[in-house]
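Peer 1: Below, each chain spelled out in residue letters.
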Amino acid sequence: MNSRRLLVLATAATLVLVACGSNSDNAKPGKTASAVQQGFTAPNLKPLDKLGTPEGQVNIVAWAGYVENGSTDKSVDWVTPFVKETGCKVNVKIGATSDEMVSLIKTGQYDVVSASGDASLRLIAGGDVEPVNTSLIPNYADVFDALKKKPWNSVKGVEYGVPHGRGANLLMYRTDKVKPAPDSWSSVFDANTPFKGHITAYDSPIYIADAALYLMKTQPALGIKNPYALDDKQFKAATDLLKTQNANIGEYWGDYLKEIQAFKSGDTVLGTAWQINVNLAQAEKAPVAAVLPKEGATGWSDTWMVATKSQHKTCAYKWLNHIISPKANAQVAEWFGEAPSNSKSCALTADKNHCKTFHADDEAYFDQVWYWTTPIKQCLDGRTNVTCKDYGQWTTAWQEIKG
Amino acid sequence: MSESPDARRSGLSSFAGRVSGTLHRHTWLRLGLLLSAPMAWLLVAYLGALAVLLLSAFWTTDVFTGAVVRQFTTENFHQLLTLDVYRTVAIRSILVAASVTVICALVAFPMAFYMAKVASPRTQRFLVIAVLTPLWASYLVKVYAWRSMFSGNGVINWVLQPTGLHGPGFGLIATVVVLAYLWLPFMILPIYAGLERLPDSLLEASGDLGAGAGRTFRSVVLPLVVPSVAAGSIFTFSLSLGDYIAVQIVGGKSQLIGNVIYGSLLTANNLPLAGALATVPVAIMVIYLLAVKRTGALDQL
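Residue numbers (the working numbering), protein chains in the order written: chain A, 45 to 447; chain B, 5 to 305.
Note that these hints are calculated values from the structure, not bench results.
Quick partial rundown of chain A residues pointing at chain B, CB under 8 Å, derived from the structure:
| no. | residue |
| --- | --- |
| 1 | 166 |
| 2 | 241 |
| 3 | 293 |
| 4 | 418 |
| 5 | 443 |
Note that CB positions come from ideal geometry on N, CA and C, so glycine has one too.
Please work from the sequences and hints to get the whole structure.
Peer 2: Okay, structure coming up:
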């Protein structure tokens, strides 16, 4: 316990050093490019070497729609078979934002988390999650190679989790109110929008990247190459755009149910959403549709990770293996509306075109999607002559945008 | 089997006698025992939590991992004082709390007056229960009910439709209305209690001396119930200042000081900054209480 705390402190100290003297640090030889790129040193934690007897329960932090036991929709259930098979009771806590997930895992009360790229590296650096022994997870073999050992789920070739699936943040709109159908993010950023007071945006600092992405495509003069790597000038342009947008916002949404309700009542008619929000709103007979705008979009590639402090690691590994199994992964991908991570899932989806619709193995498509990533001082686009705004500054700016 | 029950009883009673004798002789011990439980509660649960909050306000966090770095810094307070957004939000919160208090006072006074001075004892009892009833319903249910009232196609817009007007929709006005609704009982009850203590003879004397209703109200009733109103305002003001849920549900995009604290804690994972921000409502309440103390309202609680 103490040595672990020391490790965390050492990591924190290293980070402070990296943050304070980035120039001298970068120049130091012996530091691998990827470590500098990621901006942190992972604590030296060991993965589990073998499974024990299931502990009877597993506590999961997940995105809405990732852990369904039939209570939302009777036919949507991949928890019950898991409980029957392993004897691990599943307790789930829905995280509304990546930040909330990070704070939840830090409490030490959870075993497993479905972390997006803007949470995974923070959890790794903080020693909150440990490397995962993928040889204990048989279904890992079937995961698309394009998703394995990526900068958001591994450090220096060590896997910290198993890929869940990926997708893009969409533009949802009321088909009866927004005519013609929008095809560009300009509809939510236009200062003179006819939908003043009825636009929504995702209530998290990471949403600044959506504005940056829009500027990347519409104002090339700013020179934005990666919406998560913004220098002073680019950052100001993005936050100014969001401050203008604030005048037209009706409500920000963090809770997905709140967004669905607002679209259903018509108080919100236009704004960013997840595919599952669209599906659920449509299931409630709200006249809504969604589109991937022509500028591309931000998105996510999620990773199931195991908490370092977990008391139920065998059940945790069983869950990881279950959720990326061909059947369960197909079910969750179809329910949430995203691309599955298991290559065999594509044959098992109810809609046979699901993998095609969501571009499961279409890397060219996902090159247009900017996965959520934590912004750090070292510019993620590789620039070394400027410092970029880190996530702390994004957070402060987000509060200023909301006013 | 060595002791008879009688002997044991007498042993016990002599022990009890010794204890009571000791307590009788040492008043400080008696007082200490009596107050130790509440004092411990006050120190640990109340002042302790505040102290930890204040202490953590001087720490900082690692922005990347979110881990708290226990190193003394005044950075949080520096941010608090230099960033416009915190000042704007603090002022907005004070204005909301003040509006809620004024509305509650204006609505509560006639109601309390009727209850205390006009209604028959039977009606009086019924009205007290009626005022208290909303407190039994869940806070969230009530606020969500108001959300559907203020919604674009909600009851308010439906009622206003024939007049061609539009309801305020979600926003600060909705927040003020909902908070005023939620905290109204906390204003009615102190004013009612204050008016009940006001002897009817004073009102009759005022009338006998030729004062009209207005003059009696200004010169007799008002000065005597000001402390009660101030006492009620402590509840409405502090409850409104600390609320962050109602504004999330009916406030649209507006944020109050509670939301900013909540956001720093949960969104930014920054306990130290949240601690620093939390000193703002504490400071406001201390100032408010000192101001209220001058009206003598604290003696009315």
